[in-house]
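The listed protein sequences derive, respectively, from chains A and B.
Numbers in my numbering are just positions in the first sequence, counted from 1, shifted up by 726.
Numbers in my numbering are just positions in the second sequence, counted from 1, shifted up by 726.
A hint or two may mislead.
Identical copies go unnamed one by one, so any copy, or any two together, can satisfy a pair.
[Unchecked claim] Here are the simulated DSS-like cross-link-like pairs (lysine-lysine), alpha carbons at most 27 Å apart as the crow flies:
#, residue 1, residue 2
1, K785, K978
2, K922, K785
3, K910, K890
4, K890, K978
5, K890, K942
6, K985, K819
7, K926, K785
8, K925, K759
9, K926, K972
10, K827, K759
11, K925, K897
12, K934, K890
13, K922, K934
Simulated from the structure, these hints should not be mistaken for lab results.
Quantities reported herein were computed from a predicted structural model and do not represent experimental measurements.
There are 2 protein chains.
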Amino acid sequence: MSSKAIGEDEVSASKYLTVLFAPSVDQTEEMVKTAVSQNRTLFIIGRCRVNYHGRARSKLGSGERILIIKGDGSLLVHRSLGYEPVNWMPGGKVLFDVRSKDNTLEIRAVRQRPHETVSVIFDRIQLVSSFVLDDSGEFSLYASEEDMQKAILLRPSLLEEGFKPITYEKKVEPGFIDVYGEDKNGKLVVVEIKRKTAKKEAALQLAKYIEAIHSKANREVRGILVAPNIAKNVQRALVTLGLEYKCLDPRKCAEILTKSATKKLGEYFSS
Amino acid sequence: MSSKAIGEDEVSASKYLTVLFAPSVDQTEEMVKTAVSQNRTLFIIGRCRVNYHGRARSKLGSGERILIIKGDGSLLVHRSLGYEPVNWMPGGKVLFDVRSKDNTLEIRAVRQRPHETVSVIFDRIQLVSSFVLDDSGEFSLYASEEDMQKAILLRPSLLEEGFKPITYEKKVEPGFIDVYGEDKNGKLVVVEIKRKTAKKEAALQLAKYIEAIHSKANREVRGILVAPNIAKNVQRALVTLGLEYKCLDPRKCAEILTKSATKKLGEYFSS
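Could you build the full structure based on these sequences and the hints that come with them?
Structural data, given as C-alpha cells:
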C-alpha cells in the first residue's frame, strides 16, 4: 500500500461515521481515544506490529493489517488472508491505553479474567474510521434432520454416554434408519430423528424399524426417538411400544456442526 | 447510523486504497466486482440481511454491519458487539456472484467442499473501501512452561494415552513437581517440563522428585521429562536413571490453549 493516497489528510465526519485518510499519529490518537470512550466501532488500516500476552504469547512482525475494535472492547487484527483474525480478544472488561510516542501509535487493550494484553503499534496509518452500527436484527440458526444426524454421528454422547454409531441411513424393509448403533452394554440401538415436535407416526415408524431389525438379528434392540419435543399422546405410545425418547434441540446440533467445522478449519491457522 | 454522512458521494481512490461514501447500489456493485476480481480486500459498512446455508442454516434480519471479504475469498460479517463474526466463510475455492436488483445489492459467495453459501443483501451502504495489504510480517507463537503444564492438564493425552493428572505444582522435598498423575496401568507418573532443549540438570531434578515420591509411596513411579528436544548427553542420562522422554512442542501447547479458550468463550456466541 502506498503511503500517499489521493485524498490524503481529508476528513469526513458525521455523528455516525467519521473517516480520516492517511492521518497523522496525533490525529489518529485523538480519534481512537474518542471512539473508545464513546464505545464506537473503530476500524483502522495501517502498518503495525502486534504483541499478545495471555492464553499464550505471540509476536507479529511489521505489516499492513486491519484493526477492528468494537464498542464492547472486542478486538480483532486481520491480515490479508484467512477468515481467522491473527490476534483477537473478547470484549467485556477491557481497558484501553492509547498513546503516541516517536511517531508511532500504541493501542494497548488489557483484559482481566483471564488476564490478557494485546498491544498494536502503528507506524503508518492509511485510514481510520469510527462509526455506530444500528443493528437489532435477529439471528436464527436452523438445523435439518440431516444436521441432527450428522451431529449425533460426530458426537454420539448427544444421544447417550457410551453410544457407538455403526451406520446411518441403514436400509431396512420399511425404509431407512436415521442412525443405527450399539449402546454401552452392546444392545443394538435404532434412532429416529425429528427436527420438530415428534408425532405418533414417528413412534410407529420407529417400531417398524425395530421389528425389521429384530427379525434378522436375534439381539435386544432399543428404539430411541430423538426430537426437540413430543406431542402429548406420543409419550404413551412410546411406553406401549417399549420405545424411548431423547430430547435434542436442532439448534444445539447446528452449533456443534458449526463449531466442529471451525475447529477443523482452524487447525491450519497457526501451523 | 444516518443515511446522510458528510462527504456523501465523495470518492477517494488510489491504486492501493479506494473509498466511497454512501454510494449508490450501482457504484457499490461495480466496486465490489472489481475488488473481488482483483483479489483486493473489501470492507463495507451498510444495512443488510444475511442468509447462510452449509454447515447449518441461518438467517440474520436487517441491521447495520461490517462485511469483510479478503483476497482468498474469506468472508466475515461482524455485528456491533462480540469478537466472533455472526457469519463467516473460509477462503479457498469461493465463487462470488454480485448483482443489484430493486435498489438492493446481493453479494453471494459459494464455496465447494464443504458446500456452503453466504448471501449478504444490502439495501443501504454507508461506506465501501477496497485495498491491498502489504504484509510479510512473521507471526510467532510462544508458550511458557506454565502454558505447557496447563495444556497437559487440559489434554492429558498430550503426555500419553490414558494419563490421568492428579495434581500439579506438588510440593516434595527437592521442589515442586510440574505435573503429577497416574498412567493407564495405575503407575504414578512424575512429569518435569522444559520449554527449551532439556539439559542434564532437568533429568537429575526429575530423578530427585521420583526418589522423594518413592520414599513415601511404596508404588512404582515413572518419571517423564517433557521438552521440545533434549541435549545430546541427556538421552544417556535418562536411560541410566530409568527415566523417559516425551517430545512436546510448546507451540502446540499454545495452540491448544488458544483454541480451548476460543471454544469456551465461543459457547456464549450462538446461545
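Taking the hints in turn, this is what the structure says about them:
no., hint, result
1, K785 <-> K978, "between (36 Å within a copy, 16 Å between copies)"
2, K922 <-> K785, "between (48 Å within a copy, 18 Å between copies)"
3, K910 <-> K890, "both (8 Å within a copy, 22 Å between copies)"
4, K890 <-> K978, "within (20 Å within a copy, 30 Å between copies)"
5, K890 <-> K942, "within (20 Å within a copy, 42 Å between copies)"
6, K985 <-> K819, "both (25 Å within a copy, 21 Å between copies)"
7, K926 <-> K785, "neither (59 Å within a copy, 30 Å between copies)"
8, K925 <-> K759, "neither (58 Å within a copy, 49 Å between copies)"
9, K926 <-> K972, "within (15 Å within a copy, 56 Å between copies)"
10, K827 <-> K759, "within (15 Å within a copy, 40 Å between copies)"
11, K925 <-> K897, "within (22 Å within a copy, 60 Å between copies)"
12, K934 <-> K890, "within (22 Å within a copy, 45 Å between copies)"
13, K922 <-> K934, "within (21 Å within a copy, 62 Å between copies)"
Violated hints for the displayed structure, listed by number in ascending order: 7 and 8.
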